[in-house]
Amino acid sequence: MKKRVVSLMLAAMMMVLAAGCGAKSGNGSASNGGGAADASALGEDGKFAETQHITVEVYDRGNDGGSDPVNNKYTDYIKKGMLDKYNVEVEFVAVPRWTEVEQISNLLAANNAPDVCVTYDIATIETYGNMGGIVDMKDALEANKELLPNLWKHLGETNIYWDQNPETGAIWDIEAVRENQNDVNTFIREDWLKKLNLEVPKTTDDFYKVLCAFKDNADTLLGADASKMIPYSISFDAGYRAKTLTLSFADPKMTDKEYYVNSFDDRGFTIPGVKQGFALLNKWYNEGLIWKDFALYGAGDKTEDDLIKAGYVGAFTHNWDYPFRDGENSIEANIKKFGGDGAQFIAIDPFQDKNGTHTKWISGPVDRKIFFPATNDNILASLLYLDWISTPENIQYLQIGDEGVTHEVGEGGVISIIAAEGNDIQNSGMNIDYTITTNGLKLVDPELTNKSLAYSYAGIDPKLVEDADKIAKTDDRAAKSYHIGSIEAETGMGDPLSQKRDQIIDQAIVAPTADFEKIFDQGMQEYLAAGGQAIIDERKAKWESIHGDKENLD
Amino acid sequence: MNKIKSDAPVSRNPVSIYFKRYWQLYLLLALPMLYLVIFKYIPMVYIQIAFKKYSIVESIWKQKIAGNHGFQYFIQAFSDSDFRRALRNTLVLNLLDLAIGFPIPIIFALLLNELCFKKFKNVVQTIAYMPHFLSWVIIYGLALQLFTPSTGLVNMVITKLGGQTVPFLNDAGHWVWTYVFLGAWQSFGWNSIVYLAAIAGINNELYEAASVDGAGRLSKIWHITLPGIRSTIVLLLIMQIGNILGGTFDRPFALRNNLVISWAEVLPTYIYSHGIKGLQFSLTTAVGFFQSVVGVVFLLLANTISRKLGERGIW
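Each protein sequence line maps, in turn, to chains A and B.
The opening position of the first sequence corresponds to residue 33 in the numbering used here, with each subsequent residue numbered one higher.
The opening position of the second sequence corresponds to residue 30 in the numbering used here, with each subsequent residue numbered one higher.
Honestly, the hints are just simulated from the structure, not real lab data.
All C-beta atoms in this analysis are idealised placements derived from N, C-alpha and C, irrespective of residue type, glycine included.
Don't take every hint at face value.
[Claimed, not checked] Derived CB-CB ranges, DEER-like:
no., chain 1, residue 1, chain 2, residue 2, range
1, B, A59, A, A142, 23 to 33 Å
2, B, S164, A, Q557, 33 to 43 Å
3, A, A566, B, K93, 16 to 26 Å
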């Protein structure tokens, strides 16, 4: 008996030792600058002679009833395609969507990131790039242009060179194409408006009156659940979730320079004027028009969605197509279950700016940033992957799937997406998480794309989508590529500053109205002192050194 | 002088005899030692990151020394108001934990020890342990169900009874107490195990003798049980004082929200947001190093004081 125990202990020791060594050797090999992209590695048939292996990041959205994001019908399609065409094995690595920045940082710091990485956060790429942790793709992209026709055609020079460093020429990341640049919309319960004989609000003041009416008529609208009434719901990220309102207080004729200088924070926190928007939210909060518990639930929490789906919420602001997403699980589908067939959210455009227009500050034609960490030892295979995933036929299949299963073909060939079940479910709308170089419907035939856009949400009335799209595009003003390169003061500040911004905004909104001014100003000072000012100053200086005294770019 | 005769030839080296006899015990000890070496001692090499300009791709031996003779990041930390606030909060929350969370398991163990019905005692004990096995994320979920202003059960009861909503989670002053009491609730059962074990080790004859002398329950607790577990209490107290700037990450991180952040940001969460999320590895290594140094100083101080007061201390 004693002997057995001892031998067990020994075996355990060996295992610990082996594990320790394994980790070490992994670290050691990681510091090389990535494998070379030499086209001669490909045979005459365009395939690698030996099977290559690459890993690719994919978002895990953790949605109800979804499938395994790294192993399902669509990943199989990609894996088979890549293996057949290039003899490259693809392995997916799941990264939680709502904490992607933290997660990818962890993976990068551990030299464990996938070969093909994707993030919305440019600051992470720049920080690691400055440490030498990101591959400069420029030479590989240009030298292999002929091998990558689809990638070059799809992204174009605009998106490939969008983030190029103007001083060194390095390309650390290329930008996915945003087919549809719509940002956020405000939605309201149309059936509630009708029930109370109210017009669709056309001004900020109208909107306020409607919220008051919702609150005062909670008994009529919700009956026994009247106490649960939430006229307007926002989340802890109020800067985003009330953006149509807050940015309506910005100057619509703001110069490119002023916009650029203040756009490190993508909620426009430091843009002159938006403070008034938050003051209004503060007033509404104190009048009981805003969800009381909004600040208590963190990122990725579904509580607010559930409240909207259960039909307690009168209006909210979110991504331009938010209530249409997710098929049978969409907000529109759910409120019908609780609020009857007539229940639906429609997009509205009530917040006018000082010129009477409804300016929407939208992003450029860019989306996620794709980059290769220095640990990538197969640049060529990774680039070929990007080319494959940018091929029109592959994009189309991933987006609309099989006929009769995930889409139907209607009059004039119009594609309408239908809700799929089981293994055919798309975890993200139109599989955006797999088509990493594309955001938004893109069929092989561009004309058909336009016609089908409104039909691309399963079970949703196309008219709702068309209207929402139209409103989201009203008076829009897109950000440009300013070609200024990285700003040193931004290194590592992305997350701490956006966290700080959320805290200040939340605290200011829930403050007693008399204290709003004090709390907001104090917070803003703290934000600027913590690095916000340094970023603004450096952006301004760099703009002036590159663009001189130009206030607007062409 | 008589020579002692022995059957076996006398070994010249007493150490080798000792090891021959006890080598299996040392083998058992080897595994935990190995754990300490791999996970605690080897990582100490990387403390130098605090004094260097960190780069992810360069070997740490080749990285450049940071400015101000390597103390750049310490200076940066102390001039950062967020860091100073996190330092204050860590001290305040840990001291409150010490004042409230520390005595509760002792009192609980004493009470439990006085119960006569063994079955009832076991049930109570098991129920008290349970929260220890819940993750803090789940506990925050429970807290939201109970304490949110509009839908929390407790607040609904309070308002139904005609009271005012209590901002348990959304006002910094209230949140601190919610934090401390949730912590005490989560851990008192588990922490009482050590004390119960110590109480079980007290010689029963002492109680019998005391009964003969006419001692009541309270005086038996005061004169026998408490002195009996005093050394355990002191030991745990010293350890907790050594952790005065430390503490877990998950509890404050799971329980906090944007409204109470001015009191909820503590050093572990500061390190997470600035180091891992903000990628400022050198800065946060400096903070972590500072934390450890302060911890060791407090540990030594507490130990010395306890020895001065006639207790054994840790060593």
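Here is how each hint holds up against the structure:
{"no.": "1", "hint": "B:A59 <-> A:A142: 23 to 33 Å", "verdict": "holds (28 Å)"}
{"no.": "2", "hint": "B:S164 <-> A:Q557: 33 to 43 Å", "verdict": "holds (37 Å)"}
{"no.": "3", "hint": "A:A566 <-> B:K93: 16 to 26 Å", "verdict": "holds (22 Å)"}
Violated hints for the displayed structure: none, as all numbered hints are satisfied.
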